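Asker: Work the whole structure out from these sequences, hints included.
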Amino acid sequence: MPITTEGLRFEYAPGTPFSHVALEDISVTIDDGSFTSLIGHTGSGKSTFIQLIAGLIKPTAGKIYLDGEDINQKGYDKKKLRRKIGVLFQYPEYQLFEETVEKDIAFGPTKAGFTEDEVAVKVRKAMELVGLDYETFREKSPFELSGGEKRKVAIAGVLATDPQILILDEPIAGLDPIGRQDFMEMVRDLNRGGKTVIMISHNMDDLAEYSTRVIALYQGKVYLDGTPNEVFSRYGHLKRAGLDLPETGKVIQKLRDRGIDIDREIITKDALIRELKKLLGGKDD
Amino acid sequence: MIKDITLGQYFPGESPIHKMDARTKLILTLVLIVIIFFVHTYIGYLCVAALLVLTAVISKVGARFVYNGIKPILPIALFTFVINLFFISGETVIFEWRFIKITLEGLRQSVITVVRLVLLVLSSTMMTLTTSPMELTTALERLLKPLSKIGFPVHEIALMMSIALRFIPTLLEETDKIMKAQTARGADFEEGGLIKKAKALVPLLVPLFVSAFRRAYDLALAMEARCYNGGEGRTKMRVSHFHKRDLFAFAAVGLVVIVIALGY
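Residue numbers (my numbering), protein chains in the order written: chain B, 1356 to 1640; chain Y, 23 to 286.
Do not rely on the hints blindly, as some may be mistaken.
[As the list claims (entries may be wrong)] Think about it this way: if two alpha-carbon atoms lie no more than 25 Å apart in a straight line, the pair counts; the simulated BS3-like pairs of lysine-lysine are:
no.: 1; chain 1: B; residue 1: 1429; chain 2: Y; residue 2: 218
no.: 2; chain 1: Y; residue 1: 221; chain 2: B; residue 2: 1435
no.: 3; chain 1: B; residue 1: 1550; chain 2: B; residue 2: 1418
no.: 4; chain 1: Y; residue 1: 199; chain 2: B; residue 2: 1433
no.: 5; chain 1: B; residue 1: 1433; chain 2: Y; residue 2: 219
no.: 6; chain 1: B; residue 1: 1505; chain 2: Y; residue 2: 221
no.: 7; chain 1: Y; residue 1: 199; chain 2: Y; residue 2: 221
no.: 8; chain 1: B; residue 1: 1632; chain 2: B; residue 2: 1605
no.: 9; chain 1: B; residue 1: 1458; chain 2: B; residue 2: 1434
no.: 10; chain 1: B; residue 1: 1435; chain 2: B; residue 2: 1458
no.: 11; chain 1: B; residue 1: 1466; chain 2: Y; residue 2: 221
[What the hints assert, rightly or not] Negatives, chain Y to chain B, calculated, CB over 12 Å:
no.: 12; residue: 63
no.: 13; residue: 74
no.: 14; residue: 76
no.: 15; residue: 146
no.: 16; residue: 217
These are computed hints drawn from the structure, not numbers from a lab.
These figures come from a predicted structure and were not determined experimentally.
Cβ coordinates follow ideal geometry from the N, Cα and C atoms, glycine included.
Answerer: Here it is as structure tokens:
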């Protein structure tokens, strides 16, 4: 179920002196099974965009289609939308509220209308997925857990509904390196299992590694759009939009500055290491 | 959107009214509110109205914002007008139909009540439009300072007020965020009857309270880390003083008070 937007525009507080256009004329299609990354400077409209496609706010103008259906038309079943799209916000652990971990994770699937038995299965599955032992954690209060565990519960709470489209708004902020890698690998596995992933992050290395498509937003408009190789090789453009390069890009840029001819489309760590070995090997011979 | 609710209605500006010492504005507003109850002539009302209009013009706030300030009481004003119109009896009947009777005295009284209400709200609106909440609490603290001699915790109350004011926008933003997160999980805050709606608030209120306590704890720690130990010997970064414009303001209000005291 692809998501298509047409001429999407969003304005905060229209008609007042505080009005501010956050997004303008966004027309994109996000394909099924893709791993799309959204990058952009603070205030570029990334978060507004995902809130729009998740149906949490209404566009000022333009249309959003999910499976060809306008999600803002009258009579559109929002429940269906919530079942199809799962949204994980920044610091999701602040949304925990139930007495036990199990009840909290069950909130989403219950609201989505699954039967009690189905919910129990889904909760268990979601907990396994994020690496929380079911028997150990189910009866605990989410408020007595550590920060990392809370985060896992919150993530499980979103995954439990088994949404076909996963929207992630800077989900790795505040995680330690291991937690981050675990999380990214989990997302990659979910994506390989067929789920569409739309992710906002400032960590260009992760995005370069895992995405199939990168969209850069700048001042509310689509600025760059393409494969990670295409987008992350345009150093000048990225800089102008106030964006960072992946670490590989920084290394390649330094090498190129010293006259070493190395392909800018290399964006992952492993590919760079291979290329460097080849270059060095060539000199040694 | 919940974020659009502006609390307090401060309209930033550089006018003489904005620059006036907040203590002056606080005192003069109180004076105006009190004397509005003593006015009983048209000239008196005219004087107060003229003064407030003049303030509004000098402050450059703009008619729309002033109107927004008094808008909430308009329904109440209309209601009192209608009630007064029908229930105050008098001698000069100007309209009669079956049991409905409108008298000239009733009409006059209703108009006066509405004018009074509008003027009351207008005077406090002009103060809040031109004074930031922080200035206002500082002014309150300085005005109430003498009370601390008799053990009244003036500083603590002022601090609590400014912290509360400071965190209202933060909490609103937080509410908006949590609401969106729970909506995305399938929570519905709009559907159902009263009980269902109240129940739907649990996923919103629990995280909100948790985060409010966390913030309070963090703030207390941060304040202690920066050596806060109560109001004793604490100085202000910006201290406002009385200027010529404050004198003018006192004179203008004083003049109106005299006119009214003379019986006009």
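Asker: Each hint needs a verdict: does it hold in this structure or not?
Answerer: Each hint, compared with the structure:
This hinted pair checks out: residue 1429 of chain B and residue 218 of chain Y have alpha carbons roughly 24 Å apart, not beyond 25 Å. For the hint pairing residue 221 of chain Y with residue 1435 of chain B, the CA-to-CA distance comes to about 22 Å; that is within 25 Å, so the pair holds. For the suggested pair residue 1550 of chain B and residue 1418 of chain B, the alpha carbons sit about 23 Å apart, so the restraint of at most 25 Å is met. Distance check on the hinted pair: residue 199 of chain Y and residue 1433 of chain B sit about 19 Å apart at the alpha-carbon level, within 25 Å; holds.
With a CA separation close to 18 Å, the supplied pair residue 1433 of chain B and residue 219 of chain Y stays within the 25 Å bound. A threshold of 25 Å between alpha carbons decides the hint, and for residue 1505 of chain B with residue 221 of chain Y the separation of about 23 Å falls inside it, so the pair holds. Distance restraint check for residue 199 of chain Y and residue 221 of chain Y: the Cα-Cα separation of roughly 19 Å lies within the 25 Å cut-off, and the hinted pair is therefore satisfied. A distance of roughly 18 Å separates the Cα atoms of residue 1632 of chain B and residue 1605 of chain B; the hinted pair therefore holds under the 25 Å criterion.
Between residue 1458 of chain B and residue 1434 of chain B the alpha-carbon distance is near 20 Å, which keeps this suggested pair within the 25 Å criterion. Straight-line distance between C-alpha atoms of residue 1435 of chain B and residue 1458 of chain B comes to about 22 Å, which keeps the hinted pair within the 25 Å bound. For the suggested pair residue 1466 of chain B and residue 221 of chain Y, the alpha carbons sit about 13 Å apart, so the restraint of at most 25 Å is met. With a least CB separation of 39 Å from chain B, residue 63 of chain Y remains clear of the 12 Å interface cut-off, as annotated.
Separation of residue 74 of chain Y from chain B is adequate, the least Cβ-Cβ distance of about 23 Å exceeding the 12 Å criterion. The Cβ of residue 76 of chain Y sits about 24 Å from the closest Cβ of chain B, beyond the 12 Å cut-off, so the non-interface label holds. Distance check on residue 146 of chain Y: its Cβ is at least 22 Å (rounded) from any Cβ of chain B, clearing the 12 Å threshold; non-interface status holds. Its beta-carbon lying about 17 Å from the closest one in chain B, residue 217 of chain Y satisfies the requirement of being farther than 12 Å from that chain.
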